[in-house]
Amino acid sequence: MITAGCDIGSRTAKAVIFENNKIIESIVIPAKLDPAESAETVMKLVLEQADLRIDKIGKIVGTGYGQQEISFAHKLESEIVCHAKGAWWSIPSTRMIVDIGGQDSKAIKIDKNGKVIRYTYNDKCASGTGRFLEIMADALQVALEDMGEMGKTFNEKLIISNQCVIFAETEVVSLINENKDVADILNALHHSLGSRVASQARSLIIEQDVVMTGGVAKNIGVFEALSTGIGTPVKALENIDPQINGALGAAIIASEI
Amino acid sequence: MSIVAGFDVGSLTTKAVILKNKKIVGAAMIRSGPKPVESAAKVMEKLLDETGIHQADIIKAVGTGYGREKITFIDKAVSEISCHGKGAQWLIPSARTIIDIGGQDCKVIRLDKQGKLVKFITNDKCASGTGRFLDVMAKVMNIDVSELGKLSVKSTEPITFASMCTVWAQADVIKHINSRKSVEDICAGINTAMANRVAMLTNAIKIENDICMTGGVAKNAGVVKALGKLLGCRIKQIKKADPQLIGAIGAALFAQEMALKKVSSEAA
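Those protein sequences? They're chains A and B, same order as listed.
Note that the working numbering has the first sequence beginning at 1, numbered continuously upward.
Note that the working numbering has the second sequence beginning at 1001, numbered continuously upward.
These aren't lab readings, by the way, just hints derived from the structure by calculation.
Heads up, the beta-carbon is just placed ideally off N, CA and C, and yes, glycines get one too.
Zero decoy hints are in this set.
Now the in silico label distances, taken between C-beta atoms and shown as ranges:
(1) A:N239 x B:A1204: 46 to 52 Å
(2) B:V1118 x A:K180: 40 to 46 Å
(3) A:D111 x B:A1162: 30 to 36 Å
(4) B:S1094 x A:S78: 48 to 54 Å
(5) B:R1031 x A:P233: 47 to 53 Å
(6) A:D138 x B:L1117: 39 to 45 Å
(7) B:S1179 x A:K75: 30 to 36 Å
Starting from the given sequences, assemble the full structure and let the hints guide the process.
What follows is the structure, given as structure tokens:
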């Protein structure tokens, strides 16, 4: 059976086509204002890529904050369960998932069968979410996707002392005015975000293997800072875009219906 | 004749007050620059200009605010907590709880009858519940922050904001502007969101009547009203002076105490 997973997030919409325990196609698009439109578009595009019609898809599972608007889903599942499933399927030794999305962050503990044991979730405070990086990218006038690489070559250790995005942004502006190196500022920002989410994860007591997912996992600086923060090397999904992990989990769950 | 001065170098504004024979005879306020020492010098110059008083006539000066340690011409630096308590209780002797909302922080101060500090709690970690929250929202709405209060009073259907975080609330404001909600209703929502965050902090310590508000946000009638409602009490408004000057007034009162001590020790 061919199945699909559709993850309608706050910033991006993701879809995965899954067959015979393999990912056939996947896609990430920027979210539209209307979650229903995001869902229609992302599904249409992934089907085009796979050269499939929607009636060939046996089951579709929806997830993400806009899941209620996915008209074609056979079942809805929480982001927590989907992320757990996706990461566990990719790396069976996973016992903990740290996911940083566009507007939230989660730490999830799972058992050896991929079942969720405990989790923490933050969507109350923009600090510790992808929004933190977006705002800083704006302030520094660099592209979001370049931040990770740019922050690698640093000379001077800088510290961003405020966790609040608003106050941290002011700090960044001061550092720019002091002619500090952009790479050094980026490095400090990555550490700030990584350690903030690491302490959220540590509240669950760390268990290996820890896997990082979500769009922010593509930022090597935050990825490494998270490892430092939780005190153990974090794993990345192999050959899978960490941003599609929720949609992947949804597609796997669809195959089990 | 005793002339004393108080300086409050805050994150956004710098304030100064001159007391002469226990009366406020002059006050000045400027926007803080990047260097507290320069902000203090500038406000001093403005104050002397406006009052015609010479710096040499000021017998004692006390500084407060986050930049207080950098002021060169003061005799002593005193914490903001002490100065706000002192200033508020001088103007409203029945005040026992003082809620001070500054440009980048919020403090709740409990005093006893004698003005002694009982307890305090402060937030300078999160922009929500500080003046900064209102600044960000006013900017998005393209209005002056001073208009938020006046506009919100005219609201008929206040908007409820789901989130207290400044970043999320800012996105919500944009959404409401785009969906053509009335400016008044959005302002009312902003003020209530602000009051919610301050009430959260306030409720973390046991409050006691009378409650009064200091700092620039005390001039926003919408926040004052919403906060009163949330705390289940009426907030006493300081009318005899600009609430934004209370820290500087408190500092001047400490300077006055120093001046009196000096006089009495000289007399002895």
